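Visitor: Full structure from sequences and hints, please.
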Amino acid sequence: MTGQAAAAPIFDTDELVINMGPQHPSTHGVLRVVLRLDGERVVDADVVIGYIHRGIEKLCENRDWTQIILLTDRMDYVAAATNNLGYCETVEKLMEIEVPRRARYIRTILAELQRIASHCLWLGTHAMDIGAMTVFLYAFRERELILDLFEEYCGARLTYNSMRIGGLPLDIPTGWDVKVREFCKVMDEKVPEYEELLTNNRIWLERTRDIGVISAEDAIGLGLCGPPLRGSGVYRDVRKDEPYAAYDELEFDVPLGTRGDTYDRYLIRLEEFRQSIRLIRQALDGLPEGPVMGKVPRLIKPKAGETYHAIESPKGELGYFIVSDGRATNPYRMRVRPPSFCNLQGLRPLVVGHLVADVVALIGTIDIVLGEVDR
Amino acid sequence: MADAPKSGEPAAESSSAQPPDARPPAGTDGDAAAKPVEPAAEAPAGKGGASGDTAAAKPKPAAAAKPRPKPKPKAPPEAPKGPVDPPPPEDLERPAFLTALEAALPGRIHGLAYWVGDWTVIVTPDALLDVAAFLKDSDDGSFDYCSDLTATDWPPRGKRFDVLYCLYSTRLRQRVRIKVQAGDGESVPSVTGLWPAANWLEREVWDMFGVDFTGHPDLRRILMPDGWQGHPQRKDYPLEGPGELLLESPMEWLRLRNARDEAEIE
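These protein sequence lines map, in sequence, to chains A and B. Residues in the first sequence are numbered consecutively from 698, following our numbering. Residues in the second sequence are numbered consecutively from 7, following our numbering.
Because the hints were derived from the structure by calculation, they are not lab data. Among the clues, some could well be false.
As the list claims (entries may be wrong) - Below, a list of computed lysine-lysine pairs in the DSBU-like style, where the Cα atoms sit at most 30 Å apart:
(1) A:K876 to A:K1000
(2) B:K241 to B:K87
(3) A:K1000 to B:K87
(4) A:K992 to B:K165
(5) A:K887 to A:K937
(6) A:K882 to B:K165
(7) A:K790 to A:K937
(8) A:K998 to B:K87
(9) A:K937 to A:K882
(10) B:K142 to A:K937
(11) A:K755 to A:K998
(12) B:K142 to A:K992
(13) B:K165 to A:K998
(14) A:K1000 to B:K241
(15) A:K882 to B:K87
(16) A:K790 to A:K998
(17) B:K87 to B:K165
(18) A:K1000 to A:K755
(19) A:K790 to B:K142
(20) A:K937 to A:K876
(21) A:K755 to B:K165
(22) A:K937 to A:K1000
(23) B:K87 to A:K790
(24) B:K165 to B:K241
(25) B:K241 to A:K755
(26) A:K1000 to A:K790
(27) A:K937 to A:K992
(28) B:K241 to A:K998
(29) B:K142 to B:K165
(30) A:K992 to A:K755
(31) A:K876 to A:K887
(32) A:K790 to A:K755
On a predicted model such as this, the values are computed, not experimentally measured, just so you know.
Guide: Shown next as structure tokens:
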């Protein structure tokens, strides 16, 4: 017995399987990653999801067309307005409803504010995962201003239920546009502050440069979308390719990465802050007068048919596939194409070969919200 | 009124029989009293609801109230047989990739559908891989991005599942959908070889609908727990979830559910 123990090496050199999550501060929710490690290096990873699966798609088949809007809030709960927008636009496409121009502009403003809020949350948590505490506090300070703006617009701070099929429930309150302009001014000053803290920070560069590199072909093949896809240099933005709301009337640039690593994805989201501010300013300048609600039949009952419509949510391509049977006041089938789900699929190829500490950075860089992954 | 002498007669004969005999007259009295009261009681409601002359309103609620107690054997609306898949209008110009597809793979395409700007190619499972590969590799198509993969359940139909592939071309910025019909237990070839993105999406379709994908590298449940019974997105799967009874004895669960539905209809 003792002889055997003496013959064995002091340290086990076998591969080790460890379990990260579902309760882990850096998994941003209830995500479980099973890692197979060789020393500190990741050999393989299995992503386990479904911990907060609530069956939203099934539920939607049993709710009215209008009742579904508030269910969409509960998917990507840090970007509820874009979820509302995607759903409403899909039903409008199915029913061929024309949305008034003013409503389309306000929707654009809300969607872009939401993008800034979502990116603030991403930046704060991503930086904190890597160890930069201050950025978290800075980013949440600005996110708070957006939540105040949303509260003034629709009364809610997180789950807005802020859009309706055919337009918007409310016009903007008096003086709201001035406050949005003030916010844009604040944000103009704050983005350089984030950059000062991180962009040339040596620790940040060490932790993000060449970490999680993915080529353009792999990114397309894996179905990545949003900043992770653009980080690899693929020009793909639903706002440009298949314009919706008022994006075809506004000017903005799509930032692209060159290396496809974590640092590029960080730079892209920072640039998206600026582009979003630019879009909000243009939309406010060109905000047309008129109604905010289009001509919608009292009973929403699309003709039998099916359609897929996608928008660019802060996380990427958010698509809705809706089937109407033409007889019921609820959709026959509703499918959500969640950008976080498709991006999370890319986690495995990203982490293989990296250190355990980088897994935390890579979960952060793909910007997932588990409410949307699991639905 | 006519009952009054009847109740008086037995009362004279025996006092012991009085209580049981006295009841029916009281009951009939009550019924007689109730009949005129009923419309009177409903009249104010009718008045309040539809402001109008009381004379016309009085008989209306009575007439409306009469058929209500009768159990209406109202058949539930029949489940839809399947998607309509409207054919494309004759005058609509077909995109280049569709004409190329029809020329390259004649006879392999089951149909074409067009609705609110979306093109759908309907194929059978055995032709899926050929059509998908052609759409991905052809110059007119180059659908290199699998946007979404999902399914729809149409239970009355023999081939109850529609598996849908939403494709996008990052080069030409165009979309198309492929639709495959599959029966229960029938398998569909996996497209993970063409688009690795389909991996998780096919797992989700298998998890939610039970459509089997042959050639999938890792077909496991993804959203539901590993040991789950049934496929939740099927139309015959209950919205409220299975519960313990369904897992233990499905027949008893079904009987209770039917009984509850009948009680609700009544």
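Visitor: Does K755 (chain A) sit within 30 Å of K241 (chain B), going by the straight-line distance between their CA atoms?
Guide: holds, 9 Å
Visitor: Measure nothing beyond the straight line between the CA atoms of K165 (chain B) and K241 (chain B); if it is 30 Å or shorter, mark the hint as holding.
Guide: holds, 14 Å
Visitor: Are the Cα positions of K790 (chain A) and K998 (chain A) separated by 30 Å at most?
Guide: Distance ~13 Å between K790 (chain A) and K998 (chain A) Cα, so the pair holds.
Visitor: Take a quick look at whether K887 (chain A) and K937 (chain A) sit within 30 Å of each other, Cα to Cα.
Guide: Within the cut-off at roughly 27 Å; holds.
Visitor: Regarding the pair K142 (chain B) and K165 (chain B), is the alpha-carbon distance no greater than 30 Å?
Guide: Since the Cα atoms of K142 (chain B) and K165 (chain B) sit roughly 26 Å apart, the hinted pair holds (cutoff 30 Å).
Visitor: For K876 (chain A) and K1000 (chain A), compute the direct alpha-carbon distance and say whether it is at most 30 Å.
Guide: The given pair, whose Cα atoms are some 41 Å apart, is violated under the 30 Å limit.
Visitor: Is K937 (chain A) within 30 Å of K882 (chain A), Cα to Cα?
Guide: Holds: K937 (chain A) and K882 (chain A) sit about 25 Å apart, inside 30 Å.
Visitor: Would the hint linking K937 (chain A) and K876 (chain A) be met if the CA-CA limit is 30 Å?
Guide: At roughly 28 Å apart (the allowed maximum being 30 Å), K876 (chain A) and K937 (chain A) satisfy the hint.
Visitor: Holds or violated: K992 (chain A) and K165 (chain B), Cα atoms, limit 30 Å.
Guide: This hinted pair is violated, its Cα atoms lying about 39 Å apart.
Visitor: Holds or violated: are the alpha carbons of K937 (chain A) and K992 (chain A) at most 30 Å from each other?
Guide: Roughly 27 Å separates the two Cα atoms, so the pair holds.
Visitor: Would you mind confirming whether the straight-line C-alpha gap from K142 (chain B) to K992 (chain A) stays at or under 30 Å?
Guide: Distance of about 40 Å is beyond 30 Å: violated.
Visitor: Can the restraint linking K992 (chain A) and K755 (chain A) be considered satisfied, given a maximum Cα separation of 30 Å?
Guide: holds, 29 Å
Hint check: violations occur at hints 1, 4, 6, 12, 15; the rest are consistent with the structure.
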